[in-house]
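Here the protein sequences come in this chain order: A and B.
For the first sequence, the numbering used here gives the first residue as 406, with consecutive numbering after it.
For the second sequence, the numbering used here gives the first residue as 19, with consecutive numbering after it.
Just so you know, these hints were derived from the structure itself, not from any lab.
Certain hints may be false.
Subject to a maximum C-alpha distance of 27 Å in a straight line, what follows is the list of computed DSSO-like cross-link-like pairs (lysine-lysine) [as the list claims (entries may be wrong)]:
| no. | chain 1 | residue 1 | chain 2 | residue 2 |
| --- | --- | --- | --- | --- |
| 1 | B | Lys49 | B | Lys64 |
| 2 | B | Lys64 | A | Lys502 |
| 3 | B | Lys34 | A | Lys529 |
| 4 | B | Lys62 | A | Lys531 |
| 5 | B | Lys58 | A | Lys531 |
| 6 | A | Lys529 | B | Lys64 |
| 7 | B | Lys62 | B | Lys49 |
| 8 | A | Lys561 | B | Lys78 |
| 9 | B | Lys58 | A | Lys561 |
| 10 | B | Lys78 | A | Lys531 |
| 11 | B | Lys78 | A | Lys529 |
| 12 | A | Lys502 | B | Lys78 |
| 13 | B | Lys49 | A | Lys561 |
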Amino acid sequence: MSGGDLKGHIFLGSISMSGNLSFKVSETVGTSESAAIVVGESATVEVNNPLRNYWARDKFLSPLLKVSQSLYQVVVKQITRPPGTFLDRLAEFVCTKRTYEHVLRTAISDMQWEYFEALAAGRKWKSRWIRLRGYWAFWRTWARSSIVTTAIAICKLLFK
Amino acid sequence: MAARQTEKRIPTPSLKEALVLELLLASPKQKMYGLELVNKSDRKLKRGTVYVTLNRMEEKGYIESHEESEQAKTPGLPRRLYRLTGYGLRVFAAWRTFGEQLSAALVENPT
Numbered sequence: 406m407s408g409g410d411l412k413g414h415i416f417l418g419s420i421s422m423s424g425n426l427s428f429k430v431s432e433t434v435g436t437s438e439s440a441a442i443v444v445g446e447s448a449t450v451e452v453n454n455p456l457r458n459y460w461a462r463d464k465f466l467s468p469l470l471k472v473s474q475s476l477y478q479v480v481v482k483q484i485t486r487p488p489g490t491f492l493d494r495l496a497e498f499v500c501t502k503r504t505y506e507h508v509l510r511t512a513i514s515d516m517q518w519e520y521f522e523a524l525a526a527g528r529k530w531k532s533r534w535i536r537l538r539g540y541w542a543f544w545r546t547w548a549r550s551s552i553v554t555t556a557i558a559i560c561k562l563l564f565k
Numbered sequence: 019m020a021a022r023q024t025e026k027r028i029p030t031p032s033l034k035e036a037l038v039l040e041l042l043l044a045s046p047k048q049k050m051y052g053l054e055l056v057n058k059s060d061r062k063l064k065r066g067t068v069y070v071t072l073n074r075m076e077e078k079g080y081i082e083s084h085e086e087s088e089q090a091k092t093p094g095l096p097r098r099l100y101r102l103t104g105y106g107l108r109v110f111a112a113w114r115t116f117g118e119q120l121s122a123a124l125v126e127n128p129t
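Construct the entire structure; sequences and hints are all you get.
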């Protein structure tokens, strides 16, 4: 198998290996950076366009799955996560389920969507700006949410 | 104290809530994302506050939401879609009628 056969734009999340011969995409994540997935020693697939993940998966991963039986190793060199992944996990850990699902996760998901849209349009600087603005909006949302929750709790105590 | 708890209050949406209701009502498909609302509000809604407002409105029953289906071909977390409820529609209609009548009364009797 030559590396050139599998070159192209692909968007992958994590690859989980079961044994040495098979692998699958377990989740999708986004990235603005180019990442490489090396299969064996020769095949390289560039991760570039996140919005085309499904298309790319069908086009490039299927042949990879087919040929994987003859390969001995799958090495993930670099997978970057979409913006807000850490904040998402932090919010999930710290906040209540309701606040997380209806407020903070929504803020992150909208930011990610806008970010990927800018990336797909090739507007790298805009995507960076969206990322920064999204982080700021997230913290503001969190602060506002905490203030509102605290105020409601105080009111409930006072007017019980 | 007990009377306060059983007191039936007339639902009065805040200005931001009324704006969200208006935007949702104006949307032909009547399902919008939080960011979409921010963009259409002409800077009256902010990114940092809109989700808290939407959550509060959902708790009051003015709007309902659901997450985008998994089939959506975009990476990242699924987005949340908001839609006006029948109750929200009635509250908004009542609020608007009240506003119109109040302004008409003020014009007729300014003192």
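Tested hints:
1. Lys49(B) with Lys64(B): Distance ~19 Å between lysine 49(B) and lysine 64(B) Cα, so the pair holds.
2. Lys64(B) with Lys502(A): Answer holds: lysine 64(B) to lysine 502(A) is near 23 Å, not above 27 Å.
3. Lys34(B) with Lys529(A): 33 Å, violated
4. Lys62(B) with Lys531(A): Holds. Lysine 62(B) to lysine 531(A) sits at ~22 Å (cutoff 27 Å).
5. Lys58(B) with Lys531(A): 20 Å, holds
6. Lys529(A) with Lys64(B): 24 Å, holds
7. Lys62(B) with Lys49(B): At roughly 19 Å apart (the allowed maximum being 27 Å), lysine 49(B) and lysine 62(B) satisfy the hint.
8. Lys561(A) with Lys78(B): Measuring from Cα to Cα gives roughly 16 Å; hence the hint holds.
9. Lys58(B) with Lys561(A): Since the Cα atoms of lysine 58(B) and lysine 561(A) sit roughly 35 Å apart, the hinted pair is violated (cutoff 27 Å).
10. Lys78(B) with Lys531(A): 36 Å, violated
11. Lys78(B) with Lys529(A): Violated, at roughly 40 Å.
12. Lys502(A) with Lys78(B): Answer holds: lysine 502(A) to lysine 78(B) is near 18 Å, not above 27 Å.
13. Lys49(B) with Lys561(A): 33 Å, violated
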